[in-house]
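Colleague: The chain contents come next:
There are 2 protein chains.
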Amino acid sequence: MTVKGQLAALDWGTSSLRAALLDANGAVLDERSLGRGILSVAPGEFPTVFEAACGDWLRAGTPHAIVSGMAGSRQGWMEAPYCACPAGFAEIAAQLAWIERGRIGIVPGLSCEAGGAPDVMRGEETQILGALDLLDSDDALFVLPGTHSKWARVTQGRIESFSTFMTGEFYALLRKHSILARTLPETDGELDEQAFRRGVEQSLRGTGLLHNAFGVRTLSLFDRLAADALPSYLSGLVIGEELRAQELPAESVPVVVIGAPALTRRYEIALQALGASVQSLGSEATWRGLWRIAEVAPW
Amino acid sequence: MTVKGQLAALDWGTSSLRAALLDANGAVLDERSLGRGILSVAPGEFPTVFEAACGDWLRAGTPHAIVSGMAGSRQGWMEAPYCACPAGFAEIAAQLAWIERGRIGIVPGLSCEAGGAPDVMRGEETQILGALDLLDSDDALFVLPGTHSKWARVTQGRIESFSTFMTGEFYALLRKHSILARTLPETDGELDEQAFRRGVEQSLRGTGLLHNAFGVRTLSLFDRLAADALPSYLSGLVIGEELRAQELPAESVPVVVIGAPALTRRYEIALQALGASVQSLGSEATWRGLWRIAEVAPW
Chain A
4 MTVKGQLAAL DWGTSSLRAA LLDANGAVLD ERSLGRGILS VAPGEFPTVF
54 EAACGDWLRA GTPHAIVSGM AGSRQGWMEA PYCACPAGFA EIAAQLAWIE
104 RGRIGIVPGL SCEAGGAPDV MRGEETQILG ALDLLDSDDA LFVLPGTHSK
154 WARVTQGRIE SFSTFMTGEF YALLRKHSIL ARTLPETDGE LDEQAFRRGV
204 EQSLRGTGLL HNAFGVRTLS LFDRLAADAL PSYLSGLVIG EELRAQELPA
254 ESVPVVVIGA PALTRRYEIA LQALGASVQS LGSEATWRGL WRIAEVAPW
Chain B
4 MTVKGQLAAL DWGTSSLRAA LLDANGAVLD ERSLGRGILS VAPGEFPTVF
54 EAACGDWLRA GTPHAIVSGM AGSRQGWMEA PYCACPAGFA EIAAQLAWIE
104 RGRIGIVPGL SCEAGGAPDV MRGEETQILG ALDLLDSDDA LFVLPGTHSK
154 WARVTQGRIE SFSTFMTGEF YALLRKHSIL ARTLPETDGE LDEQAFRRGV
204 EQSLRGTGLL HNAFGVRTLS LFDRLAADAL PSYLSGLVIG EELRAQELPA
254 ESVPVVVIGA PALTRRYEIA LQALGASVQS LGSEATWRGL WRIAEVAPW
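Listed in order, the protein sequences are those of chains A and B. To get my numbering, take the position in the first sequence, counting from 1, and add 3. To get my numbering, take the position in the second sequence, counting from 1, and add 3.
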């Protein structure tokens, strides 16, 4: 059946919880953000936090709530077993895990087998399918940059396969805990686009990050790159290393980057240097994805 | 001139200081190790630590002392400017930095230009040339595994070029500071050769460490690799990633691995899987290198 009336949509991740009240057409009526990611929620405390996030909407007559993200992991509210790829709206909606049948459902993450090891996502599947709907497209390559970037291939409206890249985490490790921490200035400052591009190009040469990261130190040692430019150069190196591992599609298939503008901008610069046609989308994709999953879910 | 009689040879690195008294033929008469790497030595305190390491040998008539390693860096005892590649015994010996002319010399590190950034080494040049002498060889590819692994090509007795790979440091970063720290057991335990080989092979497939490191988590999540095997698998991933970046020479040219047996063993396993002919050497290469540099130095 389809959702009647409003929907409480929750994006409940590791470090934050966002909630939106959507109308019958998926438009956002109200939006909230709580600093209550699952890492800050004790077992047993999930119903209380859920109540704080959207209890008033449900009491006022909103019939359904749907939750995506790490709340469906083993460390979350209730484990929603991974749905195997390929998967689209129908497969995901059919596998909602029910906190309360017909009332509160959790979106399952996706799993796939990719060259030697399984891969998983939780939350990104909702953003990807939402973006697909917003773009009115059936085929695209998606990138969701972040601590753990996800690259996903969508064909005929379904996520065929995807891969995780620990790009943001590698940047933070090198930035804060490696020998480079002594070379880099204390704060990152504004993006230096030229230094960033230089880092991307250096990675695309192919010697690998294990070697190129050391170059941050030597370029500084030999005064070949100003201290202020080093964080942007290092960012270019890790993002370039991520791009080096991708098979980019023909120009007719768009590469869609979903994320916050400060980060998607970097991927736009890097991808355009590779001749890809890039589109960027923000968090609106999440609400659209949750609304469309709810629309086909067996409430 | 050649060294008359004995030589005090010092390998003074970041975290330790080793000293050997060598006879006129380069044989080790006495050997010491002090926990006084340059990180633990305050500026101005170097002469005192030097005296503690080998002052008695010099007072007893040993005419010369020679020092390699980070003691010659900007943060060390006295900066010994980098010697440019290609460099062999003659070039290095001609550029000793003198703490006391004719009596105490510091071996310069090497620099080279390698694809977009400079590269540097300090101490490894002495080990490489010493190993070359021990092996009575003129051409070889050298690997010195460690926190920052060095790969060096030697042709006609001179180091032509080299590259640094932050392999050991990446392992430690992922081991201790990344999300994988939660998945891995508290201690590394014995090397699990099968898991190590599997990690090497996974890296050689070419998707890159940013992706493969995430596989440590998912292989564990899906019970596809036992917790005890994960550190060996991760070690295989990072060393495999280092190997993936190398152009290995024809089988007639040996790959020489210099280092402690626990580490060289891993490189032997990985390199043999690639069909390379491998030889391993330990710290004897350092003393031979220092002795041969001293032999041609202009005391």
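Among the hints, a few may not be true.
The list treats identical chains as interchangeable, and a pair is accepted whether it falls inside one copy or across any two copies.
Below, simulated SDA-like cross-link-like pairs (lysine to any residue); rule was C-alpha separation at most 20 angstroms, straight line [to be verified]:
id, residue 1, residue 2
1, Lys179, Ala27
2, Lys179, Ala232
3, Lys179, Ser223
4, Lys179, Glu287
5, Lys179, Leu37
6, Lys179, Asp139
7, Lys179, Glu193
8, Lys179, Gly192
9, Lys179, His151
10, Lys179, Leu277
11, Lys179, Pro66
12, Lys179, Thr150
13, Lys179, Gln275
14, Lys179, Ala230
15, Lys179, Ser140
16, Lys179, Pro301
17, Lys179, Ala248
18, Lys179, Leu194
19, Lys179, Val281
20, Lys179, Val123
21, Lys179, Gly209
22, Lys179, Ala100
If you are wondering where the hints come from, they were derived from the structure by calculation, not from laboratory data.
Colleague: Indicate, hint by hint, whether the structure satisfies it.
Modeller: Here is what the structure says about each hint:
1. When the C-alpha separation of Lys179 and Ala27 is checked against a cutoff of 20 angstroms, the pair qualifies neither within a copy, at 46 angstroms, nor between copies, at 48 angstroms.
2. Taking CA atoms no more than 20 angstroms apart as the test, Lys179 paired with Ala232 passes inside one copy only; the shortest distance there is 16 angstroms, against 28 angstroms between copies.
3. For the homomeric pair Lys179 and Ser223, the shortest alpha-carbon distance inside one copy (17 angstroms) is at most 20 angstroms, but the shortest distance between copies (27 angstroms) is not.
4. For the homomeric pair Lys179 and Glu287, neither the shortest alpha-carbon distance inside one copy (32 angstroms) nor that between copies (36 angstroms) is at most 20 angstroms.
5. Taking CA atoms no more than 20 angstroms apart as the test, Lys179 paired with Leu37 passes in neither setting, with 27 angstroms inside one copy and 30 angstroms between copies.
6. Taking CA atoms no more than 20 angstroms apart as the test, Lys179 paired with Asp139 passes in neither setting, with 41 angstroms inside one copy and 44 angstroms between copies.
7. For the homomeric pair Lys179 and Glu193, the shortest alpha-carbon distance inside one copy (18 angstroms) is at most 20 angstroms, but the shortest distance between copies (29 angstroms) is not.
8. For a Cα distance limit of 20 angstroms, the shortest separation of Lys179 from Gly192 inside one copy, 15 angstroms, qualifies, whereas the shortest one across copies, 27 angstroms, does not.
9. Taking the shortest Cα distances, Lys179 and His151 sit within 20 angstroms of each other both inside one copy (17 angstroms) and across copies (17 angstroms).
10. Taking the shortest alpha-carbon separations for Lys179 and Leu277, neither the intra-copy value of 29 angstroms nor the inter-copy value of 35 angstroms comes in at or below 20 angstroms.
11. Taking identical chains as interchangeable, the C-alpha atoms of Lys179 and Pro66 are never at most 20 angstroms apart, the minima being 46 angstroms within one chain and 46 angstroms between chains.
12. In the homo-oligomer, the alpha carbons of Lys179 and Thr150 lie at most 20 angstroms apart both inside one protomer (14 angstroms) and across protomers (17 angstroms), since each shortest distance falls under that limit.
13. Taking the shortest alpha-carbon separations for Lys179 and Gln275, neither the intra-copy value of 29 angstroms nor the inter-copy value of 36 angstroms comes in at or below 20 angstroms.
14. Proximity of Lys179 and Ala230 under a CA criterion of 20 angstroms is satisfied intra-copy only: 15 angstroms inside one chain copy versus 27 angstroms between copies.
15. When the C-alpha separation of Lys179 and Ser140 is checked against a cutoff of 20 angstroms, the pair qualifies neither within a copy, at 40 angstroms, nor between copies, at 42 angstroms.
16. Taking the closest pair of Cα atoms, Lys179 and Pro301 never come within 20 angstroms of each other, the shortest separation being 47 angstroms inside a single copy and 44 angstroms across copies.
17. Taking the shortest alpha-carbon separations for Lys179 and Ala248, neither the intra-copy value of 25 angstroms nor the inter-copy value of 25 angstroms comes in at or below 20 angstroms.
18. When the C-alpha separation of Lys179 and Leu194 is checked against a cutoff of 20 angstroms, the pair qualifies only within one copy, where the shortest distance is 18 angstroms, while the shortest distance between copies is 29 angstroms.
19. Taking CA atoms no more than 20 angstroms apart as the test, Lys179 paired with Val281 passes in neither setting, with 31 angstroms inside one copy and 36 angstroms between copies.
20. Taking the shortest Cα distances, Lys179 and Val123 never come within 20 angstroms of each other, neither inside one copy (27 angstroms) nor across copies (23 angstroms).
21. In this assembly of identical chains, Lys179 and Gly209 lie within 20 angstroms of each other by CA distance neither inside one copy nor across copies; the values are 25 angstroms within and 27 angstroms between.
22. For a Cα distance limit of 20 angstroms, the shortest separation of Lys179 from Ala100 qualifies neither inside one copy, at 38 angstroms, nor across copies, at 34 angstroms.
When held up to the earlier numbered hints, the structure conflicts with 1, 4, 5, 6, 10, 11, 13, 15, 16, 17, 19, 20, 21 and 22 and fits the remainder.
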